[in-house]
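*Asks:* Both chains come to you apart, so use the hints to assemble them.
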Amino acid sequence: MIASQPTPLEPLHRELGARLTDFAGWSLPLSFAGTLAEHRQVREACGLFDVSHMAQFALRGPGAAAALGRLLPLRPAALKPGRGRYSVMCAADGGIIDDLIVSCDGASDYHVVSNASRAAAVASHAAAAIGPDCEWTRLENRALLALQGPRAAAVCAGLFPAAAELGFMGSAWLEHAGKPVRVMRCGYTGEDGFEFSVAGAQAVPLARALLAAEACAPAGLGARDVLRLEAGLCLYGQDLDERTSICAAGLQWLVPPALRAEPAFIGAERFAAENEHGCPERLVGLVLEGRTPARAGAPVQLDGEEVGKVTSGCFSPNLGQPIALARLASERIDPAASYAAVVRGRELPCRLRELPFVPHRYFSQKSVSAK
Amino acid sequence: MSEPTKWYTQEHEWMYEAGVGVWRIGITDFAQQELGDAVMIELPAVNREVKAGEACAVIESVKTASDVFAPIAGLVVAVNNRLEAAPELVNQSPEDQGWLFEIRANEAVQPKADFMDLETYQASLDA
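Chains as they are written, first to last, in full-length UniProt numbering: chain A, 1 to 371; chain B, 1 to 127.
Bound-form chain B, shown alone (with noise of 0.2 angstroms):
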């Protein structure tokens, strides 16, 4: 089985199509390493209904409270329970176990359009 291919937003995000129409959610690498060590992870309600660039969740770290925004509109339909009793996660492992939610997209989600791919994400932080 071929790895999903992930794409990026310009918030430092990434998502993959998990399953049909639905995208899981977390934060870059690049993210986890600016925010710090993150000590309390509020995530968004499941069933709650999210616009795109809706902030959806916040990341507490030992140096400051961050947004994580929703990157596309649709429905929560999951999220990483295991951060609430270890959200060191999302610092020990930002892009597989670190995840942090699922939207079921409300449309065709046009990811070449709206998104970066992972050459152009990283040629984003070179910059």
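This is chain A alone, in the form it adopts within the complex (with noise of 0.2 angstroms):
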């Protein structure tokens, strides 16, 4: 077995008390004081997670922006300095080979953030479908931290009060203790949060000084899963793989409209078919009876049948039921209809739901100015 690789925070999990497993090949705190303690700390005021594994990626150069709109389905123009967005790179077949965060941060100058086991494919797939202008470098020896909660903005303003001009999915280059910091407003949670890119010796001191706000906790990877699914937010994977569509994964979303007539982007054709006549598969959300979660991997019955399968599942605790996200043939979804999850032979009465499962809270502008 190879040992997992620590992230530059090992040293701080260990000091508190972390229990430690191995994700992807890293090594990373699964909990501190408890996943449903940490769960609860994030939605009532805010958490700390290490999510240093996630790669981060630079694509720059001239020819930046026109590689951009070959790999991901957005139209770069309309992507300005300082703001970024959630977006999926498909192959030529339009199989998903990973979502991820990309941002503007200048003009030829973009940042990637990807799922750390879908590094190595995401770098092929780029390197193999960029010209010559420009370059797509994997960054090295950076830390990732993510502060998420109804707290964070206090916390983080605290430290960077510039955020705090930050909107959804806006990010800039601020500094903590002289050293510069890219702090980015978004999340994986559902809630409002930041999240900071700092080289691998600065993210000590820097989740110090975040925790040292009375509001913040740090959380593991058992309290992140729990939330991302309540918020309905796909896991590369279990929800998605490389046979997953736009369409299939219920992102169609993500495609401008403005992109949709001529759409340029690699895996365009599957999508702008499926779009015009729909997909035989489709991601759903399932909130089950009684209490017993339905794991990834249950299959899912409609009258006897089966008709799909749980991608993933857990207990929530927000609703108090369990809930899961499950990928069902598109001609028998049914809104009204009784299904039933099988789990160890039982059979679980189960509903669709609208995703979220909880109402996202992130940070809107009109809000503010509401108040």
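Among the hints, a few may not be true.
[What the hints assert, rightly or not] Example chain B residues on the side facing chain A (calculated, C-beta under 10 angstroms, incomplete):
id: 1; residue: Gln33
id: 2; residue: Ile41
id: 3; residue: Val62
id: 4; residue: Thr64
These aren't lab readings, by the way, just hints derived from the structure by calculation. Cβ atoms here follow ideal geometry from the backbone N, Cα and C, with glycine treated the same way.
*Replies:* Structure representation (structure tokens):
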């Protein structure tokens, strides 16, 4: 067995008594105080996650914008400096290689954050697809911290007053202790929050400074998984894989309307066809009766017949019920129907539920001006 | 009254003789830490006949589902009904209030031969 790679925050995790686990080849905290306590911390105050395993890339050069328009279903001209968005990278057959966050740091300068498990696939696809007039580079020895929760803005403002100016998916280069920190207002929990990209050596001092705030406590991957599922957000390797298309993932919304008539990105043919005629399977949300969760792989039945499988499932502390994402045959998707998820031979009644399970509370300018 | 002697299994369960031939069973503190927060516990039906090593309860935690095994053959004579409303007892008090079920053994139990005492169990965790 290959030893897991430590992140720059590992010494702090040990000091804080984290239970560590291997995730995509990285040693990361599974929990500190306990998954349910950390979940509550993030929903009610704020939690700090180490997400340094995520792969960070730069796409730079005169041809960067044109390359981005080939790699991702977006209009590079619409992605202004300081703005970012969630997107997916597709293969030529329209299957999703990875889901990622891309943002514009300046003219011909883009920052991309992809999943750790997909870093190699993303890098090789990008290298093959871009022209000679730009460069796709992995940013090594960087840490990524995610501060999430309704108190995140207040905690962040203590260190980065300028971050208050950021809108949802906005980013800026700011400073902590005289060193540059890339701050982006985004996250994976459905709450308001920020992600901080810093040089590895700066990670522990920054984390300590954030954790010094009374409203902030460390949180692990266990809570992160429950929070993202409640927020209806996909996890690559479970809800998404190379066979899943944009439409099958229910991610049509991330293809800008202006692009739908003449999509230029790699994999666009499948998107155009499925957007017009539908696709055979779709990802849906399910809420189960009782308290037994249906985990990934559990069959989903309708009228005694298997119509799909659960891709992610957990007990939702917010709802007090088990929730799941499931891939179902499109023709068997019926919001009024009673489905059953099969767990240990028992048929657990469940129904479709529109995503997200727990409403998003991302920062919006409107909510500020309304106050 | 002295504490009854507890015996431990390799599956990280404890058991002690709560009445004549009746053994109370639960999971160890180590096991509950590994599982994480329990959200639902499926207990066996009372009067169910179980074989030694048979999976007869399931603990669903925020992380995963784990089987609990009958360490001895016999009849399930009681289950901890408090766990239905309060599965967290398994985390808060795994070796006392979070007990799972009781089995009336079919044959005399030979704990020294088949199970570990506390010291041996602790040593197995440190190994």
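*Asks:* Run every hint past the structure and note whether it holds.
*Replies:* Here is what the structure says about each hint:
1. Gln33: Given a least distance of 8 angstroms, the restraint on Gln33 of chain B holds.
2. Ile41: With Cβ-Cβ at 9 angstroms, under 10 angstroms, it holds.
3. Val62: The hint holds - Val62 of chain B has a Cβ within 10 angstroms of chain A, the shortest such distance being about 4 angstroms.
4. Thr64: With a minimum Cβ separation of about 8 angstroms from chain A (threshold 10 angstroms), the hint on Thr64 of chain B holds.
This entry satisfies every hint, going by the numbered hints stated previously.
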